[in-house]
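There are 2 protein chains.
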Amino acid sequence: MANAKQVSGKLEWRINVPDGTSNVLLPESDRLVNKAWLWLKGLLCGPILIIWRFLYKAWNLGVAEPKKAIHGVKLGLCLLIVSCFYYMRPLYDGVGGNAMWAVMTVVVVFESTVGATLCKCFNRAIGTFLAGSLALGVQSIAEKSGKTFQPIIIGISVFVLASVATFSRFIPSVKTRFDYGAMIFILTFSLVTVSGYRVEKLFEMASQRLSTIAIGTSLCIFITMVFCPIWAGSGLHDLIVRNLEKLADSLDGCVGEYFKDDKTKLGNEEDPSKRMQGYKCVLNSKATEEVMANLAKWEPAHGRFNFRHPWKQYPKIGTSMRKCAYCIEALNSCINSEIQAPDCLKKHLSDVCMLLSTNSSEVLKELVITMKTLTKSSKIDLLIGEMNLAVQKLQDSLNSLPDSFIGPTVSTLQAPNDANIETITKTAIPSLIEVFPLASLVYLLIEIAARTEGIADAVDQLAGLAEFKLAMDENSKQKKPTSNSTSDIQHHETMETLPKYILHEYFSR
Amino acid sequence: MANAKQVSGKLEWRINVPDGTSNVLLPESDRLVNKAWLWLKGLLCGPILIIWRFLYKAWNLGVAEPKKAIHGVKLGLCLLIVSCFYYMRPLYDGVGGNAMWAVMTVVVVFESTVGATLCKCFNRAIGTFLAGSLALGVQSIAEKSGKTFQPIIIGISVFVLASVATFSRFIPSVKTRFDYGAMIFILTFSLVTVSGYRVEKLFEMASQRLSTIAIGTSLCIFITMVFCPIWAGSGLHDLIVRNLEKLADSLDGCVGEYFKDDKTKLGNEEDPSKRMQGYKCVLNSKATEEVMANLAKWEPAHGRFNFRHPWKQYPKIGTSMRKCAYCIEALNSCINSEIQAPDCLKKHLSDVCMLLSTNSSEVLKELVITMKTLTKSSKIDLLIGEMNLAVQKLQDSLNSLPDSFIGPTVSTLQAPNDANIETITKTAIPSLIEVFPLASLVYLLIEIAARTEGIADAVDQLAGLAEFKLAMDENSKQKKPTSNSTSDIQHHETMETLPKYILHEYFSR
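If you read the protein sequences in the order shown, they are chains A and B. All the letters of the first sequence, read from the start, carry residue numbers 81 to 589 under our numbering. All the letters of the second sequence, read from the start, carry residue numbers 81 to 589 under our numbering.
Hints in this document: simulated from the structure, not taken from any laboratory. Hints are supplied without guarantee of correctness; some may be wrong.
No copy labels: a pair is met if it fits in one copy or bridges any two.
To be verified - Restricting the straight-line Cα-Cα distance to at most 27 Å, the calculated cross-link-like pairs of lysine-lysine (DSS-like) are: (1) Lys360 with Lys396; (2) Lys445 with Lys456; (3) Lys456 with Lys392; (4) Lys456 with Lys137; (5) Lys377 with Lys426; (6) Lys403 with Lys360; (7) Lys366 with Lys224.
Extracted from the complex, chain A is given alone in its bound form (with noise of 0.2 Å):
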């Protein structure tokens, strides 16, 4: 039966097609002309166009970020100048034919970020410098212990080395800094104990090979340090505050989205669609985060930032902006989707919904001031409690819905005349329902409010612990120092308890 049904809805096709292409059939040397001509164009087209577009691509990428293409020359400059132990006799005879180390440590260990070289030199150096006397030592066992013994002995250690060191490589604290330390020791070693067993004078080459590496990873930090150096902790700082920034963006474009209706002043006429996207980036940094912290830890102190500056703490402060930005993207499909609440209900939340969200993006944008400036600032205590009154008085509104809706009946019913008070009670209450679509935005709202101070609360943690001093702002000389300590444990207390206790408090009654 399906074959049968199958079959005849080919043939059926079959014969429709030629009907279809009647009008334009061609004599058929010409269309094997034309057949040829589209082949060749094809294949002369086809990789030109392949290249012209990747040509492009990078372009672009070097023209919106020159410090990838500075990367690039700086790395040539330093093989460059590593080059030059090869050409210059007096250099050569110094460090012998053992130069190409130096060439390639510098190819292997040259990183953008400064965190990243560094990290890969000091592993590279510890390395090579403890599988090397490692090696030597086996090796003068190995020695001692006769002609039979002596691969058999190098053989099990660099199986059981090799088999450990390659395993620790899994262990987590083990590969966020020593990856590839346990490599270069893997690679060393049986570099090391191997060729020890045929080349005689292996201290001499293993010397030498440490002091190669010792110029190629020297050469490779003064470069990527001196010449427009691309800081891993800097690199992390910007994302964080861009990030912020663009939640705020969102915040603000989803919400003023919504209520665009009603005449809101959106600002700027730029697209808000890209706006609204910003949140996305939020969504999928926590790699990216997690890696820059990483190296950020290896690099001295550098601009604003001390040598021990907290860059643990950025990856916290990028998991609470990911909490919040889980949030801006469920809002967002509930601002996306078609289902549109009553306009009255719309209007009577549009003006407490649009302030709430006006004021949790303001107290982001006084974060990213914060972030900016690595100064305390004297206005986010001021801030948060507005967000808060603002939650307060969107409750309140929600509070007085029943009235404004269910009010005038009541009354009516207080002075009952007729029959027709069914009919006003009917068209007066808002079926429940419909008060779903909102419902959900407002409550998405307070919880994005709630989660808002969780970022406030994890930038003031990294204001502490990198001992950000106060802002000197004319508001903060007059009114705060007098009792700083206590108002910010009075601020903590505050933002801990508050929002679940309002919640609390407004939905239990």
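Let chain A serve as the given structure and place chain B on it in line with the hints.
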């Protein structure tokens, strides 16, 4: 002022402390001994404890994932075999001192998954070959241009090629596939050109290097594919399956936990909070999925997967799963918040909400079976239909909500007897606000159902691309085959239009 206060605060503390500890004061000598003992204990036990903890962690990791320990053993084995080229005279004479390159290749190229190893081997081979031949060309040109120009030409070529190749590593399409190859290209090119200036037997060296690399890579590929192979593709597949299971569990757990008071059967009595947290793994698996999908593309046919298995589709499934997980995250915060909806409302919606969440998680579980068996499910359309029916039911019960809550009041109104009407109204109608917390939950559940369909869509696309066969089910044998293709199309139409249509029609009333 502030200073004075701070100082006084400090003084207070100083005064308080001796007071508080005066009871436990010891003679000076005893305290010193005690201190020294503690210091010594810390000095001895600290490192031992750290090492002990590290070993304990490593042991646990090895027990939990023996594949990782096996990988270590495999690398050790591979190195041992390569070392034989050094130990055995005939082999050594064959490849000469360059056997070192084989050792190096093994250490650098041997990765835990087959895909990663193949990718690196391919990159290393192509990179070495391209750079080697290019370097020979440049070398011969440089040689012909005289002694003075030779180092200049070589220097410029190294600088330019290294810069360009390094920059190209930042281009996304190169980064995902040829990152390692670009590095090897730079390495080989600079090594060959730079050393070519000194070493006279350049061609011989290049060919020897190529042959040793061939030995190393082929050995790596052989061992990684023959002894307990770890396939990136299978790993990715399992990851997606596991994440689907976790999503279903989280959804069940969350909604079950919320309506627990209503004595709904929560099934087995394991810790529900652990089950509920499963979605968090889904939130953070983006990077892993993308890396594994890129590696899986390199792998040959293995297990039940063909060579051209559509691995690209897996990250797409992952993305649709994450979208669902975002909603579950918001749902979870809904449930964990201390706000509780009024019991009457909760009771009214408990059954339908549970039905919807159960249906959604059943769709997810059916997708798990589809993925596990690599067969198109015959039940999935039915289950999605049921889920949409549950959405409708939930909406119907929302519709019946105003009647059951407002209804009684209205009937009272129709027969007004006294002044106590107002109090009846107030107790009978739950204030609109009380609906809000539950409203968000309901909205999110409906959204989750829509996003579950998104996951089903993505899995369906995978089934189409990978040409999954239809599951040989009794039901499917009888009903399905007659109109398989048409029902599929209908199903797609249903999937895309139904939920939004229902929601729209429902909420815009």
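Here is what the structure says about each hint:
1. Within a single copy, Lys360 and Lys396 get their C-alpha atoms as close as 18 Å, and across copies as close as 16 Å, so both meet the 27 Å cut-off.
2. Taking the shortest alpha-carbon separations for Lys445 and Lys456, only the intra-copy value of 13 Å comes in at or below 27 Å, while the best inter-copy value is 50 Å.
3. Only within a single protomer do Lys456 and Lys392 lie at most 27 Å apart by alpha-carbon distance; the minimum there is 19 Å, versus 46 Å between protomers.
4. Neither within a single protomer nor between protomers do Lys456 and Lys137 lie at most 27 Å apart by alpha-carbon distance, with minima of 41 Å and 40 Å respectively.
5. With identical chains, the CA atoms of Lys377 and Lys426 are never at most 27 Å apart, being 49 Å at best within one copy and 50 Å at best between copies.
6. With identical chains, the CA atoms of Lys403 and Lys360 are at most 27 Å apart both within one copy (12 Å) and between copies (11 Å).
7. In the homo-oligomer, the alpha carbons of Lys366 and Lys224 never lie at most 27 Å apart, since the shortest distance is 53 Å inside one protomer and 54 Å across protomers.
Violation of the numbered hints given earlier is confined to hints 4, 5, 7; the remaining hints are satisfied by the structure.
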